[in-house]
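Chain A is already provided as a structure; the job is to place chain B on it using the hints.
Order-wise, the sequence lines are chains A and B.
Residue numbers for the first sequence follow numbering that gives the first Met the number 0, so the first one is 0 and each next one is one higher.
Residue numbers for the second sequence follow numbering that gives the first Met the number 0, so the first one is 0 and each next one is one higher.
Hints in this document: simulated from the structure, not taken from any laboratory.
All values reported here derive from a predicted model rather than from experimental measurement.
Glycine residues also receive a C-beta, built at the ideal position from the N, C-alpha and C atoms.
Some hints here could point you the wrong way.
One-sided excerpt, in silico: chain B residues whose CB lies under 7 Å from chain A [what the hints assert, rightly or not]: (1) P100; (2) A160; (3) T164; (4) A208; (5) P210; (6) L288.
Number of protein chains: 2
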Amino acid sequence: MASQPLLLRALSGETLARPPVWFMRQAGRYLPEYRAVRAQQPDFIAFCHNPEAAAEVTLQPMRRFPYDAAIVFADILLIPRALGQAVWFEKGEGPRLGPLPSLETLRGGVEGATRRLSAIGETLSLVRAALEPERALIGFAGAPWTVLTYMIEGGGSRDKAQAKTLAYREPELVDALLQVLVEATADYLAMQARAGAQVLKLFESWAEAIPEDVFPRLVIEPHRRIVARLRELGVSVPVIGFPRGAGALVETYAAQRFVQAVALDTQATAEQGRRVQKLATIQGALDPLLLRAGGPLLDQRVDQLLEQWGGGPYIFNLGHGILPDTPIPHVERVLERVTGVRI
Amino acid sequence: MASQPLLLRALSGETLARPPVWFMRQAGRYLPEYRAVRAQQPDFIAFCHNPEAAAEVTLQPMRRFPYDAAIVFADILLIPRALGQAVWFEKGEGPRLGPLPSLETLRGGVEGATRRLSAIGETLSLVRAALEPERALIGFAGAPWTVLTYMIEGGGSRDKAQAKTLAYREPELVDALLQVLVEATADYLAMQARAGAQVLKLFESWAEAIPEDVFPRLVIEPHRRIVARLRELGVSVPVIGFPRGAGALVETYAAQRFVQAVALDTQATAEQGRRVQKLATIQGALDPLLLRAGGPLLDQRVDQLLEQWGGGPYIFNLGHGILPDTPIPHVERVLERVTGVRI
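Chain A extracted, bound-state conformation:
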């Protein structure tokens, strides 16, 4: 047990002398070695489906920093593509998606979807083989509502107006679309666990501004069904849920107790985190803008987070992905402060 990864110990509810730490998007553009690989991989989707390249960038931050976990390099929009919707990335503009396929077409895509995502399993196997045993490997997927929002909007959008309008006007259709994503996502995550992922994370990046009356339908139920299906499939690894932007509803989410950890966003309060910590391990929630800015406020905030949440099961992380122009010395400084390891 002494060699069990810190992340798994925290996820089993243990309060540790110092929390495990990893950063969302830690395999990414703030690293020059990532940018070098990316330059050789002009097609982002093909890059995600290239196990050697994806494993390489997954491992890059692990060589440089004392992160306690690696997270597989992939994208939340690989699933719609595997279900039959066109997905591509415009340089500097984020993802673009083709027209939403019919419910029938998407349903028909579920069976083969995980097979079409098998490269991500290969990435996980390569990473797991290369990673020290005391460092955990995380697999992930986008949560159904977030993924569906992209599928309906055809890309990123500020207020998710089209997706929400459809959820209000055609609730049965939206529920059926979410169910397709629940099934495809559970299968995909189960495959990731079999391939070496010791932890699974569900990214609900767009849980913001969802009213309480529809939050259970759009967020809680799909997450619950994914975790239930994973357990049916014999997958017992811990799951981190991240209902980003859910405000007070993050507590409603945590109270369901079907995830082992709840990731908190930058806005979570100390008290709210402690309330959630009674229900699950918590993760978060340093502001990536503060990490990028650096300076005395960064040091103070890191100490504050350690102080306010370190007394219970806690995973140190950002409240959102690390920004591409984050100075590496800032990352080092925070990791030294959290781990006590001189870099």
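Relative to chain A, chain B alone:
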């Protein structure tokens, strides 16, 4: 007292048989009569500074609907303009602002700012003279952090990265800029009250994703100082604070008890609202996307809001501004449901 406007009764903490109701941006593009006036006013800023035109559009929704309050037609970006920063509106693209003036220049602008905004006082006087005594008149301003964010970003922005970065890197400068806005805003709101506003509202449209460690500096303190300054100036009208997107921090905000009402956004939970209601009157929080969508879910949600919050001091409203393409029959249906008045 029987003829005191319902809105003022709710704001004094009274629980009413049915809540007063008004909608954010009720004077706006969903009304054909508004679009007709707007067509004659190609310059949006000049439109705001034209008392006859602004009073006309403020009154338009009052003629059509049983709203319990009118809110003066103006814009939160009139203040930076009055302080010396260029502000203009690109058709279909939202506001644009010129370079941020120096702190010195902005400080120098405070003294004359309210005079440069005197047209808004004239609008209020015209509206007050035309409005029935049982309907209240609301004045408003953007809250300092939100306005400063526009001033720094040069317009709307998704993550307010520049403004937040400045708040982290140069806290003294940002505090000084906020203080300039506190002073200008308090004077401007005091003028609005003298001109006929019976209620004042502070729109903190961008309270989202502000971490707890900086929330007091960026949001709470500036609001507190504005209200304190209003009271020093002898202005005793109730103030509604709207820290939109503040999540759990809306309770921290309400606990300060310097505003008479806290407006809640679409995401506020029933329980959270009831907790805030012990500290202040609450306002909110129907999703404008649901109002636009209509149908059985809209009826259900209206009933749910009335049920969950109607037992305490409550003002029925949206959680964000009404959308331009909202069908008028949907507005009528909600107002009938809330007021019991057949339209």
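Status of the hints after comparison with the structure:
The interface hint given for P100 (chain B) is broken, as the beta carbon of that residue sits about 23 Å from the closest beta carbon of chain A, more than 7 Å. Taking 7 Å as the C-beta cut-off, the interface hint given for A160 (chain B) holds, the closest approach to chain A being about 6 Å. With its C-beta approaching chain A no nearer than about 5 Å, T164 (chain B) sits inside the 7 Å limit, and its interface hint holds. Evaluation of the A208 (chain B) hint against chain A yields a held restraint, the C-beta minimum of about 5 Å falling below 7 Å.
Taken as an interface hint, P210 (chain B) checks out: its beta carbon lies about 5 Å from the nearest beta carbon of chain A, inside 7 Å. With 7 Å as the threshold, the beta carbon of L288 (chain B) comes within range of chain A, its nearest partner Cβ sitting at about 5 Å, so the hint holds.
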